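Asker: Each protein sequence line maps, in turn, to chains Z and E.
With numbering that gives the first Met the number 0, letter number 505 in the first sequence gets 504, and the count goes up by one each step, no holes.
With numbering that gives the first Met the number 0, letter number 10 in the second sequence gets 9, and the count goes up by one each step, no holes.
Any given hint could be a false lead.
[Claimed, not checked] Residues from chain Z that face chain E, not an exhaustive set, calculated with beta carbons under 10 Å:
1) W78
2) A85
3) L209
4) N256
5) L259
6) S262
7) I308
8) F382
9) I386
10) A391
11) S505
12) A509
13) A516
14) H519
[Said to hold, decoys possible] Simulated pairs of lysine-lysine, DSS-like, Cα-Cα distance not exceeding 30 Å:
15) Z/K290 / Z/K506
16) E/K11 / Z/K401
17) Z/K29 / Z/K450
18) E/K11 / Z/K29
19) Z/K29 / Z/K290
20) E/K11 / Z/K506
21) Z/K401 / Z/K450
[Said to hold, decoys possible] Quick list of the computed label-pair ranges, beta carbon to beta carbon:
22) Z/D44 / E/G14: 48 to 56 Å
23) Z/A391 / E/V21: 27 to 35 Å
24) E/G14 / Z/G332: 49 to 57 Å
25) E/F55 / Z/Q255: 41 to 49 Å
26) E/G44 / Z/V414: 26 to 34 Å
27) E/A17 / Z/D44: 22 to 30 Å
28) E/T37 / Z/M200: 27 to 35 Å
29) Z/D420 / E/I62: 38 to 46 Å
30) E/A33 / Z/F387: 17 to 25 Å
31) E/L30 / Z/K29: 46 to 54 Å
These are computed hints drawn from the structure, not numbers from a lab.
Please read all numbers here as calculations on a predicted model, not as lab measurements.
Glycine included, each C-beta is placed from N, C-alpha and C at the ideal position.
Below, each chain spelled out in residue letters.
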Amino acid sequence: MGTEVAILPLIAAIAVLLLTMYLGLSAARKTATLDDYWVAGRGVDVFTNASAISSNYLSAASFLGVPAFVWAHGFDGVWYATGFAAGYILLLLFIASPLRRFGEYTIPDFCAGRFDSARLRRAGIAWTMVISALYIIAQMVGVGTLMEVVTGIPWMWGVIVLGGVITLYVAFGGMTGVTAAQMAQFWIMLTAMILPLIVLMPRHNYSELLMHAYNDVQAAITQPGEGAQTVTGAPAFTETEQSEFGSLHGWVSPFQNWDLWGSVSLLVALVCGTAGLPHILARFYTNPNAKSARWSTVWVLIFIGVFYITTPIWGTYARTVLGPDAAVRDAAGVANPNSMMLVTSLEAGEWAQALVAAGAIAALLSTVSGLLIALSSAIAHDFYGEIFRPDASDTQKMAVAKIAVLICGGLAIVVGLAFRDANIAWMVGLAFAVAASTFFPLLLMGIWWRKMTEQGALWGLLVGGGISAIIVIGKLTGIWEVEQPAIVSVPAAFLAIFVVSSLTQSKDPAVVERLEASFHALHHPDSDLPKPEEMGFASQSAETAEVSAHEEVETFDHPDRGDGSEG
Amino acid sequence: MTYEQMQRRQLKLSGLLAVIFVITVFSVPFLNAAVPDTMLTPVLGIPFVWLLVGVFFHLEFWIIALIYVTYSNRWEDEVIRDGN
């Protein structure tokens, strides 16, 4: 790969684009209501939603970046891979099913509904936009880089073309279209990760390669000056890398990229951040009920687990078979890590390289489309539909939704073009850290602590987000070297919520009753049952049971819901 | 089973599984720092920490997830069945 255009990867990339356009736009016919547009009619089955959530989560940073990180930094890349997957455990144990049971469309909806607070909705909108904007700008920069590597077209045109395609199909297909496309994209990605390895592994199995790296320390001792070698006898590192690692054994060892506390803080950000990412959380609203939201998360863990298990195999193959030649380098010898998967897959054949190109494009399309939904829903649903014009008709809201997607997509392209030299990994890491410090504490405590108050939630967002910002600004201005704010900001946000909520307990029975009702709506399994009119009252016994079941639930009237949709 | 009992049981189970998850996952960096050679000892033909983090942790996540979902769903069914 280089500046020349490889035909098969180009064809594969175009095929994925056309398939995505077809799936996204053909869903436009099925997108008749706001429920269809924002939450795919809440009718997405477990398998489809698990595939779509996995696809939404696995961006090019996972598809191209994590294997390349293993190739470049060894074990610390494995840590990254597992950290990404680990995030879904807390999401499953504490958040996914209550959040779905609460109903609604967005995270700002949860903020407003749980605490009956318009102020919290505004704060929720602001943080959704900050997190999603950081994430989407990084993805847009990645779009250009990837298109340049895969197809050879100039970076700027890559951003414009791919960004434009995504914006169009999201605008017209909404969440229904995004779901159909994301499901297909996930299976393209997983196939691209696994199939080439099935061809490559019989040549050099994983154990053989890793043990070659592990035993290389002996060679480095007995043959000083020789340098670490790949299994083919070629140098395993560039001269710079050789001085960094010493031997391949060093590459196998932890703490090559982060120290002990850096590793811990990264894990805190990944684990807590995943459970606070608005574009991921919104997907749980598309399940029909809380049980299916739970099962979706289990399948997500399995799907992305299989995906991430393959990433160290790719990185190890690249380092121990191809060495420093596993990536395209510029004239100054600086490697482009985004090219590692494409170069390495060529070992299995041109078909494998084309498959990897298709997987990479699918990874970008799926994540950007999910982010566009999150960003535009904050504007169209939360701001326009709930604050600015709550009395607008559904037709008007639908029109604004489509315009919001077009504007957000256009802005993402323009800002992405302006941030060409941005550090993508840092921006994504920052999005995780901010999500971990803001929405994660609010959701976890809001769902499980009945005494949490509106003021506690507001201070939690302020303290968690504020400390993240201070640490990042300090790093950017050279005041300190701390890169990962999560290890400080997450506990601080929890503490702020606890202290402020404890100090602001209301004695007003109406407020207490309202908070208790919203708490009940999060947890009581009755909330999953369809409304009586949806049951059609097939029999008298069913009627009696349902009326009984709903008497309690309907004591909680979502403050911002005017459409009578299920809670 | 009552709704309140179910909620307490769910929280207790989630808490227990979360503690297991946090202890196993977050102990690895500290063990890597304390006993680096032991953590790199080959097991099943792969340095132990690579096997642990790269494969075994995923198996642990799947088991935790299956335990949680199985019990949570069962308890919720009991609450609905008992009309509480």
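Asker: Decide, hint by hint, whether the structure agrees.
Answerer: Status of the hints after comparison with the structure:
| no. | hint | result |
| --- | --- | --- |
| 1 | W78 | holds (6 Å) |
| 2 | A85 | holds (6 Å) |
| 3 | L209 | holds (5 Å) |
| 4 | N256 | violated (12 Å) |
| 5 | L259 | holds (5 Å) |
| 6 | S262 | holds (4 Å) |
| 7 | I308 | holds (6 Å) |
| 8 | F382 | violated (34 Å) |
| 9 | I386 | violated (33 Å) |
| 10 | A391 | violated (37 Å) |
| 11 | S505 | violated (22 Å) |
| 12 | A509 | violated (23 Å) |
| 13 | A516 | violated (13 Å) |
| 14 | H519 | holds (8 Å) |
| 15 | Z/K290 / Z/K506 | violated (35 Å) |
| 16 | E/K11 / Z/K401 | violated (44 Å) |
| 17 | Z/K29 / Z/K450 | violated (42 Å) |
| 18 | E/K11 / Z/K29 | violated (42 Å) |
| 19 | Z/K29 / Z/K290 | holds (25 Å) |
| 20 | E/K11 / Z/K506 | holds (29 Å) |
| 21 | Z/K401 / Z/K450 | violated (39 Å) |
| 22 | Z/D44 / E/G14: 48 to 56 Å | violated (30 Å) |
| 23 | Z/A391 / E/V21: 27 to 35 Å | violated (45 Å) |
| 24 | E/G14 / Z/G332: 49 to 57 Å | holds (51 Å) |
| 25 | E/F55 / Z/Q255: 41 to 49 Å | violated (21 Å) |
| 26 | E/G44 / Z/V414: 26 to 34 Å | violated (48 Å) |
| 27 | E/A17 / Z/D44: 22 to 30 Å | holds (28 Å) |
| 28 | E/T37 / Z/M200: 27 to 35 Å | holds (28 Å) |
| 29 | Z/D420 / E/I62: 38 to 46 Å | holds (44 Å) |
| 30 | E/A33 / Z/F387: 17 to 25 Å | violated (56 Å) |
| 31 | E/L30 / Z/K29: 46 to 54 Å | holds (52 Å) |
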